[in-house]
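Peer 1: Residues per chain, in single letters:
2 protein chains.
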Amino acid sequence: MTITITAFERSPDRGKGLARDMRVRWALEEVGRPYDVRLVSFEAMKQPDHLARSPFGQIPTYEEEDLVLFESGAIVFHIAERHASLLPSERDARARAINWMFAALDTVEPPIFERTLAQILERDEPWFEQRLQVLEANIRKRLDGLSTRLGDAEWLDGAFTAGDLLMVSVLRRLHGSTILEDYPNLLAYVGRGEARPAYKRAFEAQRAVFEASKGTA
Amino acid sequence: MTITITAFERSPDRGKGLARDMRVRWALEEVGRPYDVRLVSFEAMKQPDHLARSPFGQIPTYEEEDLVLFESGAIVFHIAERHASLLPSERDARARAINWMFAALDTVEPPIFERTLAQILERDEPWFEQRLQVLEANIRKRLDGLSTRLGDAEWLDGAFTAGDLLMVSVLRRLHGSTILEDYPNLLAYVGRGEARPAYKRAFEAQRAVFEASKGTA
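Quick note, the sequences are listed as chains Y and Z, same order.
All residue numbers for the first sequence refer to our numbering, where the first residue is 9 and numbers rise by one.
All residue numbers for the second sequence refer to our numbering, where the first residue is 9 and numbers rise by one.
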């Protein structure tokens with residue numbers, strides 16, 4: 009059974025692994041599943057054949073025989089559910105790991121992603137500095153809660169799960185700011201995620217795509 | 009087995025059913041599970057016993073014997089996984105329904121929720137009008153994709169699922185704006201969700217909490 013995902017032909021993050029195909033690649037590497045990648049340009053993402061897979065015109069998508077998925081959270085969950093190692097088998101522990109998946113995407117990522125967007129789209133606006141302060145305060149509120157809960161544990165709830173995979177992916181968007189440095193336990197947590205062999209393989213794979221794209225127009 | 013959720017003692021939406029306990033109540037009504045509600049004040053949400061359940065100090069939480077969950081998406085998924093009727097049993101259809109759950113929370117809700125927040129927190133800021141336009145354009149981009157995909161179908165993918173439950177919940181935040189009226193099929197879709205007996209029971213239950221709170225200081 010072949011798995012095919014889509015990714016940016018030329019990622020706007022210049023190979024830093026912040027595009028959402030990275031979390032899917034990482035999950036596939038954690039469970040040891042090979043996959044094909046179909047690269048799409050920004051123009052191709054607006055065309056009918058991509059919109060048939062992804063109604064919002066985004067990457068990544070995931071194809072496996074007749075099944076097509078288009079939300080990175082759902083794709084990571086689908087991979088985690090079908091292979092051991094990304095979700096605990098014990099009933100309550102599994103529910104808690106899934107809870108952390110939703111926490112990463114619905115509570116922690118939104119203010120962090122808003123900051124990324126503002127830095128791209130609002131940098132030249134007269135209010136930019138003031139708005140950045142509001143956004144960073146929102147981010148810190150989330151990180152306060154997360155840092156307190158993590159404490160000195162290695163992962164959020166026992167062994168590494170898909171919840172950690174998504175939380176680390178989300179926190180990585182703060183690299184380049186100094187916010188994460190104010191939370192040494194979260195910085196170390198992100199570092200542990202990035203040190204996993206599966207993470208490194210996924211990172212190199214997406215980086216190779218960007219490197220190859222530099223030779224093209 | 010007793011299920012206990014938390015909800016605002018006095019919801020800032022004044023009983024309109026926009027707080028995130030509504031989607032959990034709705035899911036519990038769809039599967040016919042009774043539940044207890046512990047009401048919390050904004051002050052109580054910052055206290056250690058609430059933070060022990062909800063690291064980000066939010067509502068709703070969900071308790072079932074020793075299990076505690078604190079993300080509404082994960083709670084709805086937990087309920088859906090343990091009862092028939094909110095997720096299809098066929099493997100691919102189930103994965104697609106879960107995909108719509110993530111689409112509702114991660115792709116459609118963020119710009120809609122940002123608009124709600126901006127209207128409360130940024131109304132007096134110099135950037136408010138311009139930011140509102142940007143947010144509404146982002147919302148319309150999402151609704152364009154959703155409306156095209158839904159077409160004239162009753163629900164997003166076959167029978168009603170937890171994906172529809174969350175998508176309708178998210179779109180309801182647009183009531184009071186004229187945005188949704190530009191998408192007649194989405195407006196009718198929201199209306200079908202709100203017409204479900206389980207929705208109505210959940211709505212009345214959360215509304216009763218707000219009505220009761222009006223007599224208090």
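Some hints here could point you the wrong way.
Unchecked claim - Think about it this way: if two alpha-carbon atoms lie no more than 30 angstroms apart in a straight line, the pair counts; the simulated DSS-like pairs of lysine-lysine are:
no. : chain 1 : residue 1 : chain 2 : residue 2
1   : Y       : K54       : Y       : K222
2   : Y       : K54       : Z       : K54
3   : Z       : K222      : Z       : K208
4   : Y       : K54       : Z       : K149
5   : Z       : K208      : Y       : K149
As the list claims (entries may be wrong) - Covered stretches of chain Z, going by a simulated chain Y footprint (3 or more residues, C-beta under 8 angstroms):
no. : region
6   : 62-73
7   : 90-104
8   : 107-117
9   : 147-160
Quick caveat, the hints were computed from the structure, so don't treat them as lab data.
Remember, predicted model here, so these are calculated numbers, not experimental data.
Every residue gets a Cβ at the ideal spot worked out from N, C-alpha and C, and that includes glycine.
Peer 1: Can the region 62-73 of chain Z be counted as covered by chain Y under the rule of three residues or more with Cβ-Cβ separation shorter than 8 angstroms?
Peer 2: Holds, because 4 residues of the region 62-73 of chain Z bring their Cβ atoms closer than 8 angstroms to Cβ atoms of chain Y.
Peer 1: Against the 30 angstroms threshold, does the CA-CA distance of K208 of chain Z and K149 of chain Y hold or violate the hint?
Peer 2: violated (34 angstroms)
Peer 1: Straight-line Cα separation of K54 of chain Y and K54 of chain Z no greater than 30 angstroms?
Peer 2: violated (45 angstroms)
Peer 1: Okay, the region 147-160 of chain Z and chain Y, do three or more residues pass the C-beta test at under 8 angstroms?
Peer 2: holds (count 6)
Peer 1: Take the C-alpha atoms of K54 of chain Y and K149 of chain Z, compute the straight-line distance between them, and say whether it is at most 30 angstroms.
Peer 2: The hint holds at about 12 angstroms.
Peer 1: For a C-alpha distance cap of 30 angstroms, please report whether K222 of chain Z and K208 of chain Z respect it.
Peer 2: holds (21 angstroms)
Peer 1: Closer than 8 angstroms Cβ to Cβ for three or more residues is the test here. Does the region 107-117 of chain Z pass it with chain Y?
Peer 2: holds (count 8)
Peer 1: Taking a Cβ-Cβ distance under 8 angstroms as contact, does the region 90-104 of chain Z have three or more residues in contact with chain Y?
Peer 2: With 3 residues in contact (Cβ-Cβ under 8 angstroms with chain Y), the coverage given for the region 90-104 of chain Z holds.
Peer 1: Check whether the Cα positions of K54 of chain Y and K222 of chain Y lie no farther apart than 30 angstroms.
Peer 2: holds (22 angstroms)
Hint compliance for this structure: hints 2 and 5 are broken, all remaining hints hold.
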